[in-house]
Amino acid sequence: MVDAALHLTIANPTPSWNPFDDLAMLFHYDFMVHAFQAGTIVAIVAGAIGYFVVLRGSSFAAHALSHIGFAGAAGAVVAGLSPVVGLLAFTLGSGTAIGALGNRLRGRDVTIGIVLAWTLGLGVLFISLYRGYATEAYALLFGEILGISERDVVVTLVAGVTTLVALVIVYRPLLFASVDEELAGAKGVPVTALSIVFMAILAVAVTEAVQVVGVLLIFALIVTPAAIAIRFTSHPPYAIGIGVGLALVFTWLGLSIAYFSPHPVSFFITSLAFATYLLVRLSEPVRRALR
Amino acid sequence: MWSRAAFGIEAGSFTAVLGPNGSGKTTLVRMILGRLAPSAGRLEVFGRPPHRGDPTIGYIPQRPVFDPELSIRGRDFVELGYDGHRWGVRLAGRRRAEEAAKASLEAVGADGYAGQPLGRLSGGEQQRMLLAQALVGTPRLLLMDEPLSYLDVRNQRAVVQLIRDVARRRQLTVLLIAHDINPLLEHIDHVLYIASGKVAMGTPGEIITTERLSEIYSSPVEVVRDSRGRVFVVGLEEEASHPHG
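Residue numbers (the working numbering), protein chains in the order written: chain A, 24 to 314; chain B, 521 to 765.
Fair warning: there could be bad hints in the mix.
What the simulated footprint calls covered on chain B by chain A, stretch by stretch (three residues with Cβ under 8 Å from a Cβ of chain A suffice, anywhere in the stretch; the number is not a length) [claimed, not checked]: (1) 568-581; (2) 598-605; (3) 608-620; (4) 628-638.
Some chain B residues judged to face chain A by a derived CB distance under 10 Å, without partners named [what the hints assert, rightly or not]: (5) PHE586; (6) SER591; (7) ALA654.
Negatives, chain B to chain A, calculated, CB over 12 Å [stated by the list, open to error]: (8) ALA526; (9) THR535; (10) GLY542; (11) GLY554; (12) SER559; (13) LEU590; (14) GLN681; (15) HIS699; (16) HIS710; (17) ILE727; (18) THR730; (19) TYR737; (20) GLY749; (21) VAL753.
Hints were generated in silico from the structure; no laboratory data involved. Please read these numbers as outputs of a predicted model, since none were measured by experiment. Idealized CB from N, CA, C, for every residue including glycine.
Take the sequences, apply the hints, and build the full model.
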């Protein structure tokens, strides 16, 4: 009860016109510091891997991974384990399976969709089996960035660094295979193995991102920033840079706005991402005319 | 696919590979690339058994066009042709990859639009990018799987002329799979005709005749020439050689 009372008083601070005071207020509480730390790591990883997701046309696979992961997380909660364990196990399992199906296999999306529907059904079952389900399920579906502990931040950091290092190692052949799989294969790139490795990296990234935006809102951090970035540049390193930058801005702004409002962080992050995407698409004819 | 096929491609020559769909043209390409082992017999590329990632082969796979949304510059694509099979990001070798790509883009006259997204280029421009990619590095063999099939007649002629010129300048051997021999006729040295499980090799004048093709197909076909020298093979309808009739 004490916790709840405390939460209420800090949930609705009013911003002043002094940005330094506001920033001090923002970082006054540990939970906000942790949220910013975890959010920053997740945004960097999501923005970077998002470029490949968009380039490879795997956004449905990314989306499916998070939903399949939901069943794993719910199952882990029922079994008395940490939801992150179940999330990671299910996303890794399904990710490698999708990767083994190959990048350009016709009908792949249908197969993913069928598995996805079944695992969501499993998720519903697991939630009903678990008694105090409402908050746990809610956190998984929509993210729980304000409830991140210092230990969670460390785990996120380790996972984030691992995914980034893996991404750097496979960068060139992955880019090659994403542009032209047949050609990359002829040049000696192990395309199927690479496809599996990429989905495994994506599985870890998705698991991280779920903590911030939740299973249902994963697109906002992985797909939207990269989708915006490729509309500005077709130079891969620049596109990755812009994607990471946008993911960071969405996360930081979303967290800051949410701090001074009674509404959830996920709503602000996804709305910022959506509004930016809309603006970029709508301004395209104007920008083309100016060029 | 076919048996008792013995043929050699002369180094520095331009050979067109012709034949109906399903006759094994792409199978031949995959064997040369080392992605498929011949079920029997032997195949050598410059005196060595084929192996994946052979740097002496410049390859253009069969593809209609790139996805129009594909947002990567032509220049990046050609650079990937140079060192895209290596792990990691490009650090020390960056200058070398850029220079190799630049030389290759200039050789095919594609440097003017190398900064544009690949997906936005026209079919002819994309084919030049693919050629630049195939030429990057030091290939000795250009292996092309239907590079002309998705181009209009004017672009077909321009691309063939370009391939011929580049191959002459760099003394490359060219093996080009085609559906239609006409845009190639005045440029090629040899024809490799694959049909009905048989392979025939020779100059266009030797192979594209009523007698030879009837022999290869084991059924009467007729080679007809029109007033402008274009060649048509008639009488294959029952053979189901042409999928659309």
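Report task. Would you check chain A against the stretch 608-620 of chain B, counting CB to CB pairs closer than 8 Å, and say if three or more residues qualify? Result -> With 3 residues close enough to chain A, the hint holds.
Requested in this report: Please settle this one: TYR737 of chain B was flagged as non-interface, so is its CB more than 12 Å from every CB on chain A?
Outcome: holds (30 Å)
Query - Within 8 Å of chain A's CB atoms, at least three CB atoms from the stretch 568-581 of chain B: coverage verdict - result: Satisfied; 5 residues make the cut.
Query - LEU590 of chain B non-interfacial with respect to chain A [C-beta, more than 12 Å] - result: violated (7 Å)
Query raised in the report: Taking the minimum C-beta separation from ALA526 of chain B to chain A, is that value above 12 Å?
Result: About 25 Å separates ALA526 of chain B from the closest Cβ of chain A, which puts it past 12 Å; holds.
Query raised in the report: Counting residues of the stretch 628-638 of chain B whose CB is closer than 8 Å to a CB in chain A, do you get three or more?
Result: Our answer is that it holds, as 3 residues pass the Cβ test (under 8 Å) against chain A, meeting three.
Query - HIS710 of chain B non-interfacial with respect to chain A [C-beta, more than 12 Å] - result: It holds; HIS710 of chain B is separated from chain A by about 23 Å at its closest Cβ, greater than 12 Å.
Report task. Against chain A, does VAL753 of chain B hold up as non-interface, every C-beta pair farther apart than 12 Å? Result -> holds (29 Å)
Query raised in the report: Far enough from chain A: is every CB of that chain over 12 Å from the CB of GLY554 of chain B?
Result: violated (9 Å)
Requested in this report: Take a quick look at HIS699 of chain B and tell me if its Cβ sits farther than 12 Å from every Cβ on chain A, holds or violated.
Outcome: holds (19 Å)
Report task. Would you check chain A against the stretch 598-605 of chain B, counting CB to CB pairs closer than 8 Å, and say if three or more residues qualify? Result -> holds (count 5)
Query raised in the report: Taking the closest pair, is the beta carbon of THR535 of chain B still more than 12 Å from chain A?
Result: holds (19 Å)
Consistency with the previously given hints fails for numbers 11 and 13, ordered from lowest to highest.
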